[in-house]
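Colleague: Dock chain R against chain A, hints included.
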Amino acid sequence: MKAFASRAGWAALALLGAAALAHVAMARGETLNALWLITAAVCVYLIAYRFYAAWIAANVLAIDATRATPAERLNNGRDYVPTNRWVVFGHHFAAIAGPGPLVGPTLAAQFGYLPGTLWILIGAVLGGAVQDMVTLFLSTRRNGRSLGQMARDEIGAIGGTAAMIGTFLIMIILIAVLGLVVVNAMKHSPWGTSTVAATIPIAMLVGVYMRYLRPGRVLEASLLGVVLLLASVVFGGWVDHHPVLGALFDHEGLPLAFGVIVYGFAAAVLPVWLLLAPRDYLSTFMKLGTVLMLAIAILWLRPEIHMPAITPFIDGTGPIFGGKLFPFVFITIACGAISGFHALIASGTTPKLITSECDIRMIGYGAMLLESFVAIMAMIAATVLEPGVYFAINSPAGVVGKEALDAVNTISSWGYEVTVAQMQHLASAMGENTLFARTGGAPSLAVGMASILGTVFGEHLLALWYHFAIMFEAIFILTTLDAGTRVGRFMLQDMLGNLHPKLGETSYTPSVILTSALVVAGWGYFLYIGVIDPNGGVNILWPLFGIANQMLAAIALSVATGVLIKSSKLSKAWMTGMPLMWLLTITTTAAYEKICSDDVRVGFFAAANDLSYKLSSGLLPPEKAAVAPQLIFNQQLDAWLTLFFVLMLWVVVLDMLRMSWRTLTGQSVLPSSETPYVVSRLN
Amino acid sequence: MTRPLTLFWQRIRQLSGDDAYERYLAHYAEHHADAGAPAPLTRAAFFKQWQDQKWTGIKRCC
Chain A
1 MKAFASRAGW
11 AALALLGAAA
21 LAHVAMARGE
31 TLNALWLITA
41 AVCVYLIAYR
51 FYAAWIAANV
61 LAIDATRATP
71 AERLNNGRDY
81 VPTNRWVVFG
91 HHFAAIAGPG
101 PLVGPTLAAQ
111 FGYLPGTLWI
121 LIGAVLGGAV
131 QDMVTLFLST
141 RRNGRSLGQM
151 ARDEIGAIGG
161 TAAMIGTFLI
171 MIILIAVLGL
181 VVVNAMKHSP
191 WGTSTVAATI
201 PIAMLVGVYM
211 RYLRPGRVLE
221 ASLLGVVLLL
231 ASVVFGGWVD
241 HHPVLGALFD
251 HEGLPLAFGV
261 IVYGFAAAVL
271 PVWLLLAPRD
281 YLSTFMKLGT
291 VLMLAIAILW
301 LRPEIHMPAI
311 TPFIDGTGPI
321 FGGKLFPFVF
331 ITIACGAISG
341 FHALIASGTT
351 PKLITSECDI
361 RMIGYGAMLL
371 ESFVAIMAMI
381 AATVLEPGVY
391 FAINSPAGVV
401 GKEALDAVNT
411 ISSWGYEVTV
421 AQMQHLASAM
431 GENTLFARTG
441 GAPSLAVGMA
451 SILGTVFGEH
461 LLALWYHFAI
471 MFEAIFILTT
481 LDAGTRVGRF
491 MLQDMLGNLH
501 PKLGETSYTP
511 SVILTSALVV
521 AGWGYFLYIG
531 VIDPNGGVNI
541 LWPLFGIANQ
551 MLAAIALSVA
561 TGVLIKSSKL
571 SKAWMTGMPL
581 MWLLTITTTA
591 AYEKICSDDV
601 RVGFFAAAND
611 LSYKLSSGLL
621 PPEKAAVAPQ
631 LIFNQQLDAW
641 LTLFFVLMLW
651 VVVLDMLRMS
661 WRTLTGQSVL
671 PSSETPYVVS
681 RLN
Chain R
1 MTRPLTLFWQ
11 RIRQLSGDDA
21 YERYLAHYAE
31 HHADAGAPAP
41 LTRAAFFKQW
51 QDQKWTGIKR
61 CC
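So the protein sequences, as listed, match chains A and R.
Residue numbering for the first sequence is 1 to 683, as defined by this note's numbering.
Residue numbering for the second sequence is 1 to 62, as defined by this note's numbering.
It is worth saying that the hints were derived from the structure and are not from the lab.
Only a predicted model underlies this, so the values are computations on that prediction, with no experimental measurement involved.
Everything hinted at is true.
Computed cross-link-like contacts, DSBU-like style, restricted to lysine-lysine with a CA-CA straight-line distance of at most 30 angstroms: (1) Lys-324(A) x Lys-624(A); (2) Lys-54(R) x Lys-502(A); (3) Lys-48(R) x Lys-502(A).
Chain A extracted, bound-state conformation (with noise of 0.2 angstroms):
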């Protein structure tokens, strides 16, 4: 009888399920309700989550209750600790979800909001969430070792370099693609620039108070520190009016990235309980009670979608990046859907955290689903703004003009009304100077999220709910440039330490200050190109970042496949196989157009070889003629960084391929590392 309720109330879901999908894919209102893509989302991850990741999980994993795993085995107290599943699955979590999931279906709302939620969907239940639990798996079967270290173990060197080599210029890019959005978002805003500035000596306030004041009483110093950043928020309102103050803070972009670029040397170099883990504490707490509001708020307020269901900008002319829907939408949503960033976390912490395989499937899987949660309530706040709106916000300057009067009448142009009043009207209300071309999605998130949270708690403090939205972007955003810097600086001192040995002592300080200094650099060079670029740079840097980030998943995939294959599973191999072959596709058609469209807003040398054309033939204004050169250049090196991450990607996959052919004509092979089986005595 039991057996049968159950069974029914899953076809129940099932059906309910079915019915939201429908609704949301073929509804052609003029609206749509949010709640439809809610159910849809909700239903989808509970079947999943209950069917498929559970038959993963007994058949094609064996996950095995009786077997210790390394926190037990090895457990000393301190890496290695076994620790409740709802713990680590906080950790697991608060380490995945970063501020990728918000931006990348912000600008993918420019195909309508059913191409980037097909995609949040699917992606993360066939792939980002299978590769996060798969992963996780392995790494809990070799003791937690590294993504980098099971290529190397499992599959040959080559997988291994390549990991390790993908991981740090991922690093570059993404900090890169992060500071320019906080960048655009502080631009010419005082109210915005004085909080974001705000939190750095209030983290620095809270790390001195848990490290000598009250040693290791972390909540109490969080809490001292959530409610200092919300007075920031108010503080900043008075900033804002001060005639002072207010024009201290008032900043062009490239000002701004050097104070970006400066900060991040600092954190690099500074201990990391001054800045980094303070910070992380109250960007964690921020992150999850921003997220919980805004589920609330949108469930409360079922607000109206007014994007359409897809825009003529699936042919690829779309303003706010180049490039048809396919491949650039499966680019653009990498975190979300699959992002490839997770197997290092998979394969980090949380593996010495796991008490019993059995948690396996609600971390790494369970995980994965509430970022792609996460992904679709970011794609709900854009695409409940008026469509000419958010392209007003989100388009670049040099797509849609400089003068507002420009812009309104390209947009409009397009059928998505908006008028100059309408926007200096909204900006007011967001206590903002103009959001025209606020580009990096920070601003137009900031904008839905205040509309909603305006709407249930307060439509009067709508300028307080935007830069409520922009410190908490900025604050976890900063974290991640934190935390980023110092791991490739980490690697950086690794790599040179095979050089020479002193250079690879973490706390020699001439190494530090050399390693920090190269890896500030590079993701500085990179910032500091996309503020010049009139086109905004996000729609340069975005793609490279969306096309390197599913390259390491191709990779984490790849290590999947092939120790699936080396076990015996070949039968059961497409459950990884099939995720890999879809990240193949859209990754290397994305390269391929990357490298050789004929549209100067896709292919790199296209747009290299028409400004040399503008520049040579002096069709270019002398402020741009200025810069030419240095973006020439900057599109070109693009072209060769994403030639290098596509041949990476076909290098690993085929030595996969080769190692898998080696083992099913039975010729030898690297041994599997799995750890020897140990019965587990918990329990």
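Modeller: Chain R alone, transformed into the frame defined by chain A:
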């Protein structure tokens, strides 16, 4: 009635690391408390070590 709340509070403390020192002392008492072993670290010293170790390696993602 208060039990779920207590449990929730425990989880929050564990998640944030607020109770890390207490867990360390418990681990110490269980595994390293034999005669002649060095005394456990002070709260401040433990927290320093814990924090420095927490931030080596990739801990945050996109």
